[in-house]
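In terms of my numbering, the sequence shown opens at residue 1 and continues consecutively.
Hints listed in this document are in silico derivations from the structure and should not be mistaken for laboratory results.
Please note that the accuracy of each hint is not assured.
Stated by the list, open to error - If you anchor each label on the Cβ, the simulated ranges turn out as follows:
hint, residue 1, residue 2, range
1, Q52, A27, 33 to 43 Å
2, T48, G25, 33 to 43 Å
3, D2, G73, 39 to 49 Å
4, T9, A49, 18 to 28 Å
5, Q52, A3, 13 to 23 Å
6, G25, P78, 25 to 35 Å
7, V55, A12, 13 to 23 Å
8, A60, T96, 20 to 30 Å
Bear in mind that the values here come from a model prediction, so they are computed numbers and not experimental data.
Using N, Cα and C, we set each Cβ at its ideal position, and we do this for glycine too.
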Amino acid sequence: MDAALTAATAVAAIVLGCVTGALVGSAQAVAAGRNTAFLIGMMLCARTAVGQAAVMVPVAWLVVVLLFGFRIGRDPYPWTILPEPAHVRHAIAGSTLMFGLGIAAQLHASRKTS
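Kindly generate the complete structure, drawing on both the sequences and the hints.
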């Protein structure tokens, strides 16, 4: 049940980003939905290791990206995911993979505790 609610929340964020992006012509809105799925997945993966402190992992990721994620000229490194434009394939793949791993980690952790 938790995994379904998490997936529904991420899908809602992605759909809302796509709809908003289409209405106002903003690629950043589409990227925001993608980034939400990435950060949710990252937090869920960390939750299995550090518990409630995992809510700070996405915040730490943002700080790392801001401090170390750009080449000269504001060109983001591929590993950063978040500052990439909405249409970049490796960012889409990375977000999808991270979200999938997060859901898998949540399913695995919920089986261990029940």
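Here is how each hint holds up against the structure:
{"no.": "1", "hint": "Q52 - A27: 33 to 43 Å", "result": "holds (34 Å)"}
{"no.": "2", "hint": "T48 - G25: 33 to 43 Å", "result": "holds (39 Å)"}
{"no.": "3", "hint": "D2 - G73: 39 to 49 Å", "result": "holds (42 Å)"}
{"no.": "4", "hint": "T9 - A49: 18 to 28 Å", "result": "holds (22 Å)"}
{"no.": "5", "hint": "Q52 - A3: 13 to 23 Å", "result": "holds (18 Å)"}
{"no.": "6", "hint": "G25 - P78: 25 to 35 Å", "result": "holds (26 Å)"}
{"no.": "7", "hint": "V55 - A12: 13 to 23 Å", "result": "holds (19 Å)"}
{"no.": "8", "hint": "A60 - T96: 20 to 30 Å", "result": "holds (22 Å)"}
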